[in-house]
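Protein sequence lines correspond, in order, to chains A and B. Here the first sequence stands for residues -6 to 345, numbered as in my numbering. Here the second sequence stands for residues -6 to 345, numbered as in my numbering.
By construction, these hints were calculated from the structure, which means they are not laboratory data. One or more of the hints may lead you astray.
For identical chains, the list gives no copy identity; a pair is met inside one copy or between any two copies.
With a straight-line Cα cutoff of 25 Å, these simulated SDA-like cross-link-like pairs (lysine to any residue) come out [unchecked claim]:
1) K118 <-> I284
2) K205 <-> H298
3) K42 <-> L342
4) K205 <-> D71
5) K42 <-> R180
6) K205 <-> D290
7) K205 <-> A106
8) K42 <-> V300
9) K99 <-> T89
10) K124 <-> G297
11) K42 <-> S6
12) K99 <-> H259
13) K124 <-> R177
14) K42 <-> A343
15) K124 <-> D290
16) K205 <-> S68
17) K99 <-> A239
18) K42 <-> R258
19) K124 <-> G260
20) K99 <-> M308
21) K205 <-> A239
22) K205 <-> A321
23) K118 <-> E306
24) K99 <-> E81
25) K205 <-> R340
26) K118 <-> R43
27) K99 <-> A1
2 protein chains.
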Amino acid sequence: MSTPEFHAIAPISWSDEHDCLLLLDQTLLPDEETWLHCRQVEDVAAAIKRLSVRGAPAIGVSAAYGLVVGLHGASDDDFRRRFDETSETLGATRPTAVNLRWALEKGREVFEAHADEGVEACRAKLLEWAKDLQSRDVQTNRTMGDNGAHLFQEGDRVLTHCNAGALATAGYGTAVGVIASAFREGRLGQVWVDETRPLLQGARLTAWEMEKLGIPYRLVTDSSVGALMSRGLVDRVVVGADRVAANGDAANKIGTYTVAVLANRHGVPFYVAAPRSTIDPRTPTGNEIPIEIRDSDEVTAFGGHRVSPRETEAMNFAFDVTPNELIAGIITEVGVLEAPYEESIRRALAMD
Amino acid sequence: MSTPEFHAIAPISWSDEHDCLLLLDQTLLPDEETWLHCRQVEDVAAAIKRLSVRGAPAIGVSAAYGLVVGLHGASDDDFRRRFDETSETLGATRPTAVNLRWALEKGREVFEAHADEGVEACRAKLLEWAKDLQSRDVQTNRTMGDNGAHLFQEGDRVLTHCNAGALATAGYGTAVGVIASAFREGRLGQVWVDETRPLLQGARLTAWEMEKLGIPYRLVTDSSVGALMSRGLVDRVVVGADRVAANGDAANKIGTYTVAVLANRHGVPFYVAAPRSTIDPRTPTGNEIPIEIRDSDEVTAFGGHRVSPRETEAMNFAFDVTPNELIAGIITEVGVLEAPYEESIRRALAMD
C-alpha cells in the first residue's frame, strides 16, 4: 500500500474568497459530503448545536473562526459589542467540551491586543490567529499520534469509541490519530469501532475515516464490547475526551465509562488521547464537569422514523465521566501522562 | 389506576378454526400489530429465524406448536418421517436458547407415546401438550414474578436489558414479569429500559409493554447504563436468559454481560429471571454455550437504510455470557436460586 494521505480529512476550512467558514456537515456522513457556508455567527452556533461539527478540538477551532464570522460587517463603533455577543452566542452552544471556552478566551486575548487598531485590522488578526490555531491543532494531533503509537505492540487490536478522528479536530484526530500513527508504524492489527448510539459517530464517522485511511476495522454495537473483551479480542482502548479535569478524570461521549470499566475488568489498557487544550485545570475533578443532556428524540427516533412507542421518553446524557483510576495514560502532545495525574497534568500544562 | 390486565399481552396463539399457529410479528412492533399465520413448519422456522417470535420461552412454545403444524396433512405412512424432519427444521433455527431443544425433546416424548395411535390422534395429543405448555409457561412466569417481587424494596429503580417480557414468553414475561409483579405490589419506582441494539427489543418491545402495563419507565441507550449507575440511579437489575448453564453462567442478549460488570462495580444486585426450562444441566459452564452470530447488516443498516459506509463489515454476536459470580440470584418458578449455583440448580431441577 502506498503511503496514505493521513491528514487528507479536514472538516473545517476558511474561504478567503467568500469570507466565510466552511464546515463539513457531519450529520450527513457517510452518505453525503456537503459543506455548510457559515456567514453569520448564528450559522456557526447552529452547526455546533446540531453536531454538524463536533468533537472538542473541532468545536474549539470552529468557535475561533466563529469570532471572525461574528465581526463581519461590524463598524468601528459597535465591534466590541458584536464581539461580546458573538462570544456569548458561541459559548452557549455546548457545555461539556472545554476547548470551546478555551478558544473563546484565547480569542478574547487576541481581540483585546488589537482592538485599538479598529475593526478591520482586529478581525484580520483574529483570522490569522484562528488559521494558526487550526494548523497547530493538526500538528498537535500528529505529535500526539507519534507519542501514542509507541504504546502499541505489533498486531494490537484496538477499540475506540465515538469519533475522535480527523472529523473531531482540525485534522488527523486525537484517538484516531494515535491509531493512524500506529498503523503507519506497522503496529496495528485491527480496529474495533463501536457504533456509538444514539448518533452513531462510530458507525458513520469513524468507519468512514477507517475507509479513507485504509485501516482494517470491524464495526460492533456498543453493547458488544464486553463480549469482545471476554473473548480476548481487544488489546488496547484509545478514546478522545471532551474535558479532562485537573485530577485526570475525563468526560467523553456517553458509553466511554462503560468501556473503561470493562477494560479494567479484563486488564486491557485504556488510554485517553487529548491535547492540552482539552485539559481544564479549573475543573478539579470529574464531578464538576457539566454534562449535557440532549433531546429525547435522538434516542426514540432513528433517521426521522420513531422506533419506540409514541409516548416513550428517553434520558439522553451526551457524555459520561471516566474516573482517573481507570485510565492507563493520557496521550498528549507533550507525552503520555501517567498517574498520579494531578502532578503529571500540572507539569504538562506548565510546559511551553 | 385500575388493575391492569397483566397478561393481556400474548404473542402466540393457536387457531383451532384455521388449524394454524398465529404469531404476533414482533419485527413490526410497536408500529403494527400484525399476526403471522403459520401453516407449514417452514413458516414457523422462518418466524423464529427472523425474530418475528423471539425470547427463549416463546421460541420453546412456538416450536412445540411447530411440531403440530409440521404434521398437517401427513399420512399414517409418512408421519414419523415428517415429525423427524419437522423437529430437525425447527432445531436448526437458533442455537443459543435451550428452550428450543427442550421443547423438541419433550415433544418427541409425546410423539413416541402416541405414535401407535396414528397421525390424527398423535397430532391431537401434541396439540393438547403444546397448549398445556403454553398455559403452564404463563403460570410459571406469574410464580416467578411473585418470587422475584419479594426482592424489591419500595421505590426501587430497576434496569432491564432487551425484552424478557410477555412478548418473549407465552405471556406475562420473565424479567418483565418480575417487574410487573413488583409494580403491582407497590414496590417499583421506575424502570430503566435500555434500547438493546442492534434490533432495539428494549426500545420497541419492552417500552411497548411498559405502556400497555402502565408502568413508569425511561428509555436509555445501552451505553448509558454506566452513567446511570455512577449517578446512583439504578437500584436493581433484572434480565432474562436464553440458556443458564449447570454452574449458573447465563447466556442472554448481547450487552447483558456489560450491564452485569457495571452492576458489580456499583454494588447493584443483578438478577436473572428464568424458568427451569431455560436451565440446561447438560451445559456445564458458559464456555460451552453456543453463541449465535447474526448478519452484519443488522448493525450496519437501520430500517433498511445503510448507516455506515458501504464497505463496512460488522461483528454481530447475538448473545454474551454472564459468569455466575456476577449474578446475585436466579429467579425461577421454584424460588430464587443463590450461589453456589451448581448445588442450588441441581436441587431446583430435581423438584417436581
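Each hint, compared with the structure:
no. : hint          : verdict
1   : K118 <-> I284 : neither (33 Å within a copy, 61 Å between copies)
2   : K205 <-> H298 : between (29 Å within a copy, 21 Å between copies)
3   : K42 <-> L342  : neither (29 Å within a copy, 56 Å between copies)
4   : K205 <-> D71  : neither (45 Å within a copy, 59 Å between copies)
5   : K42 <-> R180  : neither (37 Å within a copy, 40 Å between copies)
6   : K205 <-> D290 : between (31 Å within a copy, 21 Å between copies)
7   : K205 <-> A106 : neither (41 Å within a copy, 64 Å between copies)
8   : K42 <-> V300  : both (23 Å within a copy, 21 Å between copies)
9   : K99 <-> T89   : within (18 Å within a copy, 57 Å between copies)
10  : K124 <-> G297 : neither (36 Å within a copy, 42 Å between copies)
11  : K42 <-> S6    : within (18 Å within a copy, 49 Å between copies)
12  : K99 <-> H259  : neither (41 Å within a copy, 40 Å between copies)
13  : K124 <-> R177 : neither (27 Å within a copy, 63 Å between copies)
14  : K42 <-> A343  : neither (32 Å within a copy, 60 Å between copies)
15  : K124 <-> D290 : neither (36 Å within a copy, 41 Å between copies)
16  : K205 <-> S68  : neither (44 Å within a copy, 61 Å between copies)
17  : K99 <-> A239  : within (19 Å within a copy, 63 Å between copies)
18  : K42 <-> R258  : neither (35 Å within a copy, 34 Å between copies)
19  : K124 <-> G260 : neither (42 Å within a copy, 49 Å between copies)
20  : K99 <-> M308  : neither (34 Å within a copy, 44 Å between copies)
21  : K205 <-> A239 : neither (35 Å within a copy, 48 Å between copies)
22  : K205 <-> A321 : neither (29 Å within a copy, 46 Å between copies)
23  : K118 <-> E306 : neither (47 Å within a copy, 47 Å between copies)
24  : K99 <-> E81   : within (14 Å within a copy, 70 Å between copies)
25  : K205 <-> R340 : neither (36 Å within a copy, 58 Å between copies)
26  : K118 <-> R43  : neither (29 Å within a copy, 61 Å between copies)
27  : K99 <-> A1    : neither (27 Å within a copy, 62 Å between copies)
The structure is inconsistent with the numbered hints 1, 3, 4, 5, 7, 10, 12, 13, 14, 15, 16, 18, 19, 20, 21, 22, 23, 25, 26, 27, although it conforms to all the rest.
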